[in-house]
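Q: Line by line, the protein sequences give chains A and B.
For the record, in the first sequence the residue sitting at position 93 is 93 according to my numbering, with numbers rising by one throughout.
For the record, in the second sequence the residue sitting at position 208 is 208 according to my numbering, with numbers rising by one throughout.
Restricting the straight-line Cα-Cα distance to at most 30 Å, the calculated cross-link-like pairs of lysine-lysine (BS3-like) are:
#1 260/B with 272/B
#2 174/B with 213/B
#3 194/B with 213/B
#4 238/B with 92/A
#5 151/A with 236/B
#6 174/B with 75/A
Among chain A residues calculated to face chain B with C-beta under 10 Å, some are:
#7 45
#8 46
#9 49
In silico negatives: residues of chain B with every beta carbon more than 12 Å from chain A:
#10 41
#11 106
#12 258
#13 272
Honestly, the hints are just simulated from the structure, not real lab data.
Beta carbons are placed, not taken as given, at the ideal position from N, Cα and C, and that holds for glycine.
Chain by chain, the residues:
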Amino acid sequence: MFPLSDKLLMLVCGESGDTAQFAEYIAKNIQLYKMRNGYELSPSAAANFTRKQLADALRSQTPYQVNLLLAGYDKEDGPGLFYMDYLASLNKVPFGVHGYGGFFSLSVMDRFYRKDITQPEAMKLLQQCIDELSKRFIVNMSSFNVRMVSKDGIQNLGVIKPQPASV
Amino acid sequence: MEPKLTPCGQFIIFQARRYDSRTTIFSPEGRLYQVEYAMEAIGHAGTCLGILAKDGVLLAAERRNTNKLLDEVSFSEKIYKLYDDMACSVAGITADANVLTNDLRLIAQRYTLQYQEPIPCEQLVSSLCDIKQVYTQFGGKRPFGVSLLYMGWDRHYGFQLYQSDPSGNYGGWKATCIGNNSANAVSMLKQEYKEGETSLQEALALAVKVLSKTLDMTKLTPDKVEIATLTRENGKTKIGVLGVNEVEKLIKVYQEEEAKIEAEKKKEAEKKKSSS
Numbered sequence: 001m002f003p004l005s006d007k008l009l010m011l012v013c014g015e016s017g018d019t020a021q022f023a024e025y026i027a028k029n030i031q032l033y034k035m036r037n038g039y040e041l042s043p044s045a046a047a048n049f050t051r052k053q054l055a056d057a058l059r060s061q062t063p064y065q066v067n068l069l070l071a072g073y074d075k076e077d078g079p080g081l082f083y084m085d086y087l088a089s090l091n092k093v094p095f096g097v098h099g100y101g102g103f104f105s106l107s108v109m110d111r112f113y114r115k116d117i118t119q120p121e122a123m124k125l126l127q128q129c130i131d132e133l134s135k136r137f138i139v140n141m142s143s144f145n146v147r148m149v150s151k152d153g154i155q156n157l158g159v160i161k162p163q164p165a166s167v
Numbered sequence: 001m002e003p004k005l006t007p008c009g010q011f012i013i014f015q016a017r018r019y020d021s022r023t024t025i026f027s028p029e030g031r032l033y034q035v036e037y038a039m040e041a042i043g044h045a046g047t048c049l050g051i052l053a054k055d056g057v058l059l060a061a062e063r064r065n066t067n068k069l070l071d072e073v074s075f076s077e078k079i080y081k082l083y084d085d086m087a088c089s090v091a092g093i094t095a096d097a098n099v100l101t102n103d104l105r106l107i108a109q110r111y112t113l114q115y116q117e118p119i120p121c122e123q124l125v126s127s128l129c130d131i132k133q134v135y136t137q138f139g140g141k142r143p144f145g146v147s148l149l150y151m152g153w154d155r156h157y158g159f160q161l162y163q164s165d166p167s168g169n170y171g172g173w174k175a176t177c178i179g180n181n182s183a184n185a186v187s188m189l190k191q192e193y194k195e196g197e198t199s200l201q202e203a204l205a206l207a208v209k210v211l212s213k214t215l216d217m218t219k220l221t222p223d224k225v226e227i228a229t230l231t232r233e234n235g236k237t238k239i240g241v242l243g244v245n246e247v248e249k250l251i252k253v254y255q256e257e258e259a260k261i262e263a264e265k266k267k268e269a270e271k272k273k274s275s276s
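Please put together the full structure from these sequences, using the hints given.
A: Structure below.
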């Protein structure tokens with residue numbers, strides 16, 4: 001996870017090397033915009049900028065193989081989550097996931113997510129997804145870092161581990 | 001630089017030794033003459049003034065092409081829409097102005113292509129001014145003989161008014177004027193403009209007043225002036241040129257005010273006469 005600015009957090013996964021390279025490039029450009037203009041890019045503008053960089057690189061000799069999730073908080077529009085894949089498709093989503101784990105957790109989120117979900121409920125849903133993975137997914141993933149973006153900026157919410165259901 | 005024919009029939013180019021025939025050279029006093037001459041050219045062009053109000057911005061421009069044979073204009077003669085949230089008016093060489101407004105529109109759309117949101121006003125003005133500055137430093141080409149007044153809205157700073165000139169310098173203004181007699185207009189605006197208290201209607205009245213007093217002609221008529229306003233309605237920017245009737249109304253109100261003031265002055269003068 002790379003913080004792009006006070007209220008913008010980007011999660012990158014994919015080809016190693018490309019991930020850090022692309023994420024740092026975007027982060028520094030976001031900071032440059034802030035220095036030049038005195039105000040920050042909104043999360044949706046930052047997401048679209050990132051998408052454009054990805055799309056331009058895609059049909060060049062040097063495409064990036066990265067999948068992203070961008071989380072941001074805008075004073076006017078509130079919190080927002082953006083899903084972007086290595087082919088530079090961009091969507092604003094209520095919940096998102098990259099990787100094989102998505103095959104399992106997407107259906108859990110589909111079932112239990114509501115538009116007016118609160119933060120504690122969302123944490124519970126996250127736990128549910130991870131428990132589902134530990135039960136059904138072949139790869140053992142023992143712990144997850146959780147971070148939250150809100151009006152107070154980026155907060156580290158610690159580590160969560162799967163809690164397998166008792167038999 | 002004048003080519004001269006030598007005795008053996010070959011052309012040789014002699015460098016002119018004057019400091020102002022090359023745009024990219026300082027004079028001994030540290031001035032850029034070409035830039036100053038460009039601003040001089042603008043000083044003879046049709047007046048443009050802009051006023052920032054609490055609830056909107058306006059641009060008013062003097063129309064010089066009032067030839068009856070001219071075909072009707074589409075949107076406006078001197079006021080250009082740059083993108084949804086910004087418009088500008090120009091004073092100076094029209095051909096140069098067309099190039100610059102086209103560049104402004106391109107810059108605005110390029111930003112929207114990259115960020116999927118409208119360009120903030122100051123960034124657009126700043127980008128164009130970076131282009132204008134190049135012509136004062138490289139290339140040996142003359143600067144653009146245009147000054148522009150921009151009116152716009154963005155979510156960072158609300159309603160804004162900017163002015164830019166051939167040197168590539170720009171500034172944000174509450175009220176300003178460019179073109180013919182602009183100095184008089186600016187000093188009048190300085191006295192009459194009330195910061196933070198002027199509504200768009202008051203600004204329109206002020207614009208008509210200032211234009212009437214600074215234009216060459218005796219009487220102001222709707223076909224000699226173009227007024228455009230920028231306001232926000234329902235979360236969208238509205239840019240519109242005032243119709244003939246609305247301009248007529250404003251002029252009428254102004255003339256009635258003037259007549260009142262004249263009548264009062266006369267009364268005062270007569271009172272003094274009779275009392276003395």
